[in-house]
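Position chain B against the provided structure of chain A, taking the given hints into account.
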Amino acid sequence: MIVIDPSSPVPPFEQLRAGLMDAVTSGELAAGERLPTVRRLAEDLGIAPGTVARAYRELETAGIIETRGRNGTFVAFDADPARQQLQRAAAAFAEQVRDLRLDADEALAVVTAALRSSGAATA
Amino acid sequence: MDRTTLSFNIAFMAISAVVLLVVLVAMTGRASSYRRADAMSRRLRLPYGTAATRDVIAARTRRTTTWALLAAFVGLCAAVPLLTTPLGNESYFLLIAVLPCILLPTAAVHVVLNLRERLFHPAPDVPRIARLTRMSLRDYLGPARLRAPWVLAALLAVIVVAIVATWSAAPERLAATSVVAFTVVTAIAVLLQAARPILDRLVLDRPQPAADTLELAWDDAFRTETLSSLALVTCQLTGLAIGIGMIALATPGSLWAALATQLPTWGVIAPQLVYLGWNGQRPLLPALYPEWLRTPVPVGDPERSPA
Numbered sequence: 001m002i003v004i005d006p007s008s009p010v011p012p013f014e015q016l017r018a019g020l021m022d023a024v025t026s027g028e029l030a031a032g033e034r035l036p037t038v039r040r041l042a043e044d045l046g047i048a049p050g051t052v053a054r055a056y057r058e059l060e061t062a063g064i065i066e067t068r069g070r071n072g073t074f075v076a077f078d079a080d081p082a083r084q085q086l087q088r089a090a091a092a093f094a095e096q097v098r099d100l101r102l103d104a105d106e107a108l109a110v111v112t113a114a115l116r117s118s119g120a121a122t123a
Numbered sequence: 001m002d003r004t005t006l007s008f009n010i011a012f013m014a015i016s017a018v019v020l021l022v023v024l025v026a027m028t029g030r031a032s033s034y035r036r037a038d039a040m041s042r043r044l045r046l047p048y049g050t051a052a053t054r055d056v057i058a059a060r061t062r063r064t065t066t067w068a069l070l071a072a073f074v075g076l077c078a079a080v081p082l083l084t085t086p087l088g089n090e091s092y093f094l095l096i097a098v099l100p101c102i103l104l105p106t107a108a109v110h111v112v113l114n115l116r117e118r119l120f121h122p123a124p125d126v127p128r129i130a131r132l133t134r135m136s137l138r139d140y141l142g143p144a145r146l147r148a149p150w151v152l153a154a155l156l157a158v159i160v161v162a163i164v165a166t167w168s169a170a171p172e173r174l175a176a177t178s179v180v181a182f183t184v185v186t187a188i189a190v191l192l193q194a195a196r197p198i199l200d201r202l203v204l205d206r207p208q209p210a211a212d213t214l215e216l217a218w219d220d221a222f223r224t225e226t227l228s229s230l231a232l233v234t235c236q237l238t239g240l241a242i243g244i245g246m247i248a249l250a251t252p253g254s255l256w257a258a259l260a261t262q263l264p265t266w267g268v269i270a271p272q273l274v275y276l277g278w279n280g281q282r283p284l285l286p287a288l289y290p291e292w293l294r295t296p297v298p299v300g301d302p303e304r305s306p307a
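Chains as they are written, first to last, in our numbering: chain A, 1 to 123; chain B, 1 to 307.
Keep in mind that a hint or two might mislead.
[What the hints assert, rightly or not] Partner residues aside, some chain A positions facing chain B, computed with beta carbon under 7 angstroms:
hint: 1; residue: Met-1
hint: 2; residue: Ile-2
hint: 3; residue: Val-3
hint: 4; residue: Ile-4
hint: 5; residue: Leu-29
hint: 6; residue: Glu-33
hint: 7; residue: Arg-34
hint: 8; residue: Pro-36
hint: 9; residue: Asp-44
hint: 10; residue: Leu-45
hint: 11; residue: Gly-46
hint: 12; residue: Ala-62
hint: 13; residue: Asp-99
It should be emphasised that the hints constitute simulated quantities derived from the structure, not laboratory data. All values derive from a computational prediction rather than experimental measurement. Where is the CB? At the ideal position from N, CA and C, for every residue including glycine.
Excised from the complex, chain A in its bound form (with noise of 0.2 angstroms):
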């Protein structure tokens, strides 16, 4: 979720952008997640198109979103090729999760139980 108030002081374009870097870093937007079109999410918040825009080419710019021609804007996968590929393995495994209609907070223990059992094996 993100807020834009209006009689903050900082500019929406400065709220969008830092709301969107918040959501990335926070995990709330997960890797390869799509984000609503520039239209649409300027309209949702009752701002110009132009801010949303600027906001989604700064983050761009900054490899924190990526844009894919007529599929839409999308949150970057990371650089380094192990990470891409951990973030691709992660975001299948939430969509499974979310098919399955599990617990987050479950499905993390079983992770987690997993990562430490497999680290035991190979210690």
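Quick look at chain B alone, frame taken from chain A:
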């Protein structure tokens, strides 16, 4: 010509029209719309937050009910000329002619209202909230309700192949009225199957202006209702076509033929169980609720109660 069946069909349609008009008068009152809005709030376990939100929900509920009932009445009237066709003498006339004429306009009302109206209109100076991900149908319906129309479409494709094969090998095995009914309902079902993804996308792409997470959740509730009703009507008409196809394929007089006559009814009822739940109390998907409403809070737990 079977006069008894025709008389029954005429009587049933007349009674349905009267009932629809009575319900229309009874349910479009102001008090009634608030009662239904409150019932929706309890069913979804979604509080209003403010009195203004309750007014908005009641007004929307009132408009949806009024237009849906009017659309159903117009659909019923549109089905009247079909009584003069050979279908009017069939015992399943109500299923194959009346139901599509009622279900389609009702679902159309949900879509049109969702596309034309914005639920909330936050003032320019209040904070606005929005999701940072592009929502898909899966986010509103979940995997089972998402796949049901496609599973039924695949089953219908198999029935179509079987009917075409039987028609070309032994046309005398298929009753002409069953084939006509199957063709009409299948054509409607196929059109709906093709149009639904486009309509879904139109609904999903509509903006959701909201000042807080509760307003967003209420908007999502109506959006879920619209997407659900579209998928439901698609499943019901596809199920109906499958049932009629099975009747056409069954050998007359056999036990299978007797069983097959029940299928169109189940083709309409079963999707309702999938989309509305066994008791009609299906809540929203957990992710659509505000964070503080996702986990039930035990009564009297001051630490976990929202402020």
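Here is what the structure says about each hint:
no. : hint   : result
1   : Met-1  : 6 angstroms, holds
2   : Ile-2  : 5 angstroms, holds
3   : Val-3  : 5 angstroms, holds
4   : Ile-4  : 5 angstroms, holds
5   : Leu-29 : 6 angstroms, holds
6   : Glu-33 : 5 angstroms, holds
7   : Arg-34 : 4 angstroms, holds
8   : Pro-36 : 5 angstroms, holds
9   : Asp-44 : 4 angstroms, holds
10  : Leu-45 : 5 angstroms, holds
11  : Gly-46 : 5 angstroms, holds
12  : Ala-62 : 16 angstroms, violated
13  : Asp-99 : 5 angstroms, holds
In summary, the structure is inconsistent with hint 12 from the numbered list given earlier, while agreeing with all the others.
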